[in-house]
Amino acid sequence: MNSESSLRTEKLTLAVLMCGVASLALSDFVSPVYWSLSVLAGLLRLWLGPRFSLSELQASMIGWLGFFWVGLELALGRAWIVAFTDFLLILAMAVVIEAPTARNHLHRMLVGVFLVLAAAVLTDSVLYVFPLIALMWFMWRASVCLYGLNWPGGDLTPVPAKRDMPTMFGMALLAGLLFVAMPRFDVHSLLQPTQPRKETSGFSDQVQLGDFARELDATVVMRVEPMQAGLSAEQIKAFRRQIEGRYWRGTSLARFTGRGWQRQGGVSIRHWSRNREVELWPGPGLEAAVYREASDHAYIQIPDGLLRIHQLPEPAAMSAGGAMTFDRPPAHRLRLQMELGGRTDKRFFSTMHAPDSVDSSTELVPAALKRWVSEVTRGAADPAGALERVVDELHSWTYDLNASIDAVDPVSSFLSIKRGHCELYATTLALAARSLGVPSRVVNGYFGGQWNDVGGFLVIREQHAHSWTEVWLNGRWQRLDATPASRWSLSGVRFPEIDAIWETVKLSWYRYVLEFQESDRTALAKQFWQQLRTYGIKLVFFGLLLALGLLLVRSMQRMRFWQRFGFSTPSWPVLDRWLSRRGCVRQAYQPLRDVAVPMGISENHWYEFVQAWEMQAYGAARPWNRRELKRHLRAL
Amino acid sequence: MAYDPADLRLPGWLLRFLDALIRINLPLAPGWRVGLTRPGVMFMLALFGVWAAAFYSGNNLLYLCASVLLVISLAAVMQGMRLLKGFPGFEALPLAELEREQVRVIRQFAPLPAGVAAMVSMQWRNAAGDFELNGRCTAGHVLFSGRLRPAKRGLYGIGLVSLQTEAPLGLFRLNLKRTSGSSMVVMPASMPWQASVGHVAEGQGLRDGDEWRDLRSYVPGDPLSRVHWRKAASNVQSDQFWTVKRFASGGETSEAPSLRVDLRLPAPQDEGAFEQLLGKAWYWLQQHRGKQGELVLGQQAFDTADEVSVQQAMSAIAACVPGQAASGGEGLLLSLFEGVR
Chain R
0 MNSESSLRTE
10 KLTLAVLMCG
20 VASLALSDFV
30 SPVYWSLSVL
40 AGLLRLWLGP
50 RFSLSELQAS
60 MIGWLGFFWV
70 GLELALGRAW
80 IVAFTDFLLI
90 LAMAVVIEAP
100 TARNHLHRML
110 VGVFLVLAAA
120 VLTDSVLYVF
130 PLIALMWFMW
140 RASVCLYGLN
150 WPGGDLTPVP
160 AKRDMPTMFG
170 MALLAGLLFV
180 AMPRFDVHSL
190 LQPTQPRKET
200 SGFSDQVQLG
210 DFARELDATV
220 VMRVEPMQAG
230 LSAEQIKAFR
240 RQIEGRYWRG
250 TSLARFTGRG
260 WQRQGGVSIR
270 HWSRNREVEL
280 WPGPGLEAAV
290 YREASDHAYI
300 QIPDGLLRIH
310 QLPEPAAMSA
320 GGAMTFDRPP
330 AHRLRLQMEL
340 GGRTDKRFFS
350 TMHAPDSVDS
360 STELVPAALK
370 RWVSEVTRGA
380 ADPAGALERV
390 VDELHSWTYD
400 LNASIDAVDP
410 VSSFLSIKRG
420 HCELYATTLA
430 LAARSLGVPS
440 RVVNGYFGGQ
450 WNDVGGFLVI
460 REQHAHSWTE
470 VWLNGRWQRL
480 DATPASRWSL
490 SGVRFPEIDA
500 IWETVKLSWY
510 RYVLEFQESD
520 RTALAKQFWQ
530 QLRTYGIKLV
540 FFGLLLALGL
550 LLVRSMQRMR
560 FWQRFGFSTP
570 SWPVLDRWLS
580 RRGCVRQAYQ
590 PLRDVAVPMG
600 ISENHWYEFV
610 QAWEMQAYGA
620 ARPWNRRELK
630 RHLRAL
Chain F
0 MAYDPADLRL
10 PGWLLRFLDA
20 LIRINLPLAP
30 GWRVGLTRPG
40 VMFMLALFGV
50 WAAAFYSGNN
60 LLYLCASVLL
70 VISLAAVMQG
80 MRLLKGFPGF
90 EALPLAELER
100 EQVRVIRQFA
110 PLPAGVAAMV
120 SMQWRNAAGD
130 FELNGRCTAG
140 HVLFSGRLRP
150 AKRGLYGIGL
160 VSLQTEAPLG
170 LFRLNLKRTS
180 GSSMVVMPAS
190 MPWQASVGHV
200 AEGQGLRDGD
210 EWRDLRSYVP
220 GDPLSRVHWR
230 KAASNVQSDQ
240 FWTVKRFASG
250 GETSEAPSLR
260 VDLRLPAPQD
270 EGAFEQLLGK
280 AWYWLQQHRG
290 KQGELVLGQQ
300 AFDTADEVSV
310 QQAMSAIAAC
320 VPGQAASGGE
330 GLLLSLFEGV
340 R
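Chains R and F, in that order, are what the protein sequence lines are. Just so you know, we're using numbering that gives the first Met the number 0 here: the first sequence kicks off at 0 and counts up by one. Just so you know, we're using numbering that gives the first Met the number 0 here: the second sequence kicks off at 0 and counts up by one.
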């Protein structure tokens, strides 16, 4: 193995390993310390070369130390998945600094590929595609280099990287086609791409009113897009009109503790197993795909007018309070296919049970609030009119996320400063209703969302978390929202344009890669066929142009190729004619070296000419054109 | 190839298992077969594992990984097939002047359209023996190398050629069997000799004149006094060997040499003598190739100045069979006669 080939192979196998480390670094389960160690070792190896290396024994000792260290981590209570990734990265570091032998090259390739495969389960980031494509490139080049080593006659010189580029492009295209074409089987397991369950900062099923001092959190909770692909601009506008401005109902909180709200231990009234149809109401509706991020709670956010959910991805149940939850918080992103009625469709409220004593309890209602209610509702004809006055009054107050609320008596504090966040408004209204004898509760969920113009979908973030009130009036539950409208002008997104593009990329990744299903293939084929019918003639025209261009480029390349080797180019007939004039006949298969010395030509000069000819023909010198050949022949 | 899983210190039974697997060659298309190398076996096992995990889990990222690995394998097979399909035939190789029982070292460049770094093995078999050449491919050209040692004289079609390569990744062993229309011309072993003009050849020296007529290549046994030393000194840089002066009287220099070969084999003579006779004829043809002269081989006459005729003469010598002896087994002597026209 010569040093140049060795160095090239060393760099390429290192690159394969680094692709694995990079892909695993995308996982939220991986500690940055561990992947930084591997990257640092890799950089040092690149900089210092094989001088920065340990013997195989020393490297294996690092691996064993890593094993025991991870065992200790597990004993100390670290999650097994985190400990496992730590071990993989320690192993990668050991392989990086192992002495550069043939075995080390294989170690690197194997570990690199294994890390990429492990990352396929430990992350669902869109950035995963970069290390994957890089792996394809470096693995190909490293394999070519490894194949070329140690042949009799010396190492083979691999073709320049740029000549492999078209192959790589074709491979990426073919990989995409294979991805689409391969069958999917509906067998779910632990090998699904996982993501850490996000801690919710807005939505909650337990409210402490006093500790509310928050920044607006732009973390995405849900993305909602039309189920049907390939909609026209008008259809997308119509979808936007229908999907925006809906309440997404999460949990209802009925037990007031004086300082906050607690969920009442509800009884499940309905239960659905996986892949079942959740049908609440009949009738066709707006079809929407909701991508729910993995979070630390199990609630399914129910939009206004929900009619049904197709093929429930996990078992779920609905409580008497109208909260729908998965049996346990899912560990990965889920796609819920919902069918929605109109925004004002109130039929869902009729599925909820009538209030019980907890919904009417006034036990812990502060006296200050009762006084305030009696002042505000003085002269109201009925409870509905009284509640309307309360709502109007609250709407005139100031929305403030960072209002200094007394944690001991938050409601009285809110009433005195008249500024606060939505949970305080919802709480005040709910308690006011109870003091008026109307059963009520606070509901936590999301409202509205942000429309993404680039991708044509709705994004619901933590900042859209919201609290409102439900009251029992006229024999059914009704929603009242006392939060001032100024709340919805606030946003925590710093660069909305960039964010819109990035969110579109992410949703496309989820939609077309992570959540790609059997049914999508048919839809894709249909869409492709429609596009083909629409743009068929243009495509044929451009295809012909492209083919002509390619043909031209190819023929030029071919001409250059043959010119380089002087084979069947204009040069050979010139030479053959010249030879025949001097009594020599060259057969088509005959190299010039085997042709007899032409008449009247000195042998020395002839062999010098043959040598020069071969040098230009085999690329060791600049190729001759016809004029140069004639000049050389005249010189003979 | 520094790519062997044996480097991983796998247990012996596993290596034996891998070796058993790599002996399997599956048909790919008419004329094509594909097998696996040791690293190829490991790669394919890994590929099956990833696909199984993808099918079982429905994890689309595993589908992507498996697609990428599968595409790498497919691209390797396709590039290997493209290489073998566009691999130059025997037209570029000097197979026309092989000699029986003589080793011919081949080292010949040829253009290669497929730009792949690869080693290709070419194997073929015919009545002259089993032959193997290696093609070392780099960007744009291939270097053929190997040694050919035909066992028998004759004109042989190349016939079925087996091309084999593990390029470009060393994972798959591709084998293409294709028919070549080229032929091998195996000449008899050249037997240097010197014949005197107008005389039965065997063992006679050249009948010389006072002035040297022309030059011929040096043959071991030539007197050193006849070597053209000035020419030899000027040829030091080239591949030419020494040349020897041939003398003749002034009147003969304008005459073209002629060799008549009687191919009839008298009864007491064996095949060996016939081969020797052809070897001498072949030597004579080499000496007079490209010059004025005539070779009469049995009933056929060839002009040595005409390259096409020389090629025909070579084929005729290679394909020569002994003629019928005269009745009674006496016949003419197996003979060469060099004279002038």
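The hints are simulated quantities; they were obtained by calculation from the structure and are not laboratory data. Among the hints, erroneous ones may be present.
Ranges between beta-carbon positions, derived for each pair [claimed, not checked]: (1) F:Val104 to R:Phe129: 47 to 57 Å; (2) R:Ala524 to F:Val104: 25 to 35 Å; (3) R:Phe540 to F:Ser308: 29 to 39 Å; (4) R:Gly582 to F:Leu73: 14 to 24 Å; (5) F:Ala318 to R:Gly175: 30 to 40 Å; (6) F:Leu44 to R:Gly175: 18 to 28 Å; (7) R:Leu632 to F:Ser308: 46 to 56 Å; (8) F:Gly85 to R:Ser272: 24 to 34 Å; (9) F:Arg8 to R:Trp79: 23 to 33 Å.
Heads up, the beta-carbon is just placed ideally off N, CA and C, and yes, glycines get one too.
Evaluated hints:
no.	hint	result
1	F:Val104 to R:Phe129: 47 to 57 Å	holds (51 Å)
2	R:Ala524 to F:Val104: 25 to 35 Å	violated (59 Å)
3	R:Phe540 to F:Ser308: 29 to 39 Å	violated (59 Å)
4	R:Gly582 to F:Leu73: 14 to 24 Å	violated (54 Å)
5	F:Ala318 to R:Gly175: 30 to 40 Å	violated (59 Å)
6	F:Leu44 to R:Gly175: 18 to 28 Å	holds (25 Å)
7	R:Leu632 to F:Ser308: 46 to 56 Å	violated (26 Å)
8	F:Gly85 to R:Ser272: 24 to 34 Å	violated (59 Å)
9	F:Arg8 to R:Trp79: 23 to 33 Å	holds (29 Å)
In summary, the structure is inconsistent with hints 2, 3, 4, 5, 7 and 8 from the numbered list given earlier, while agreeing with the others.
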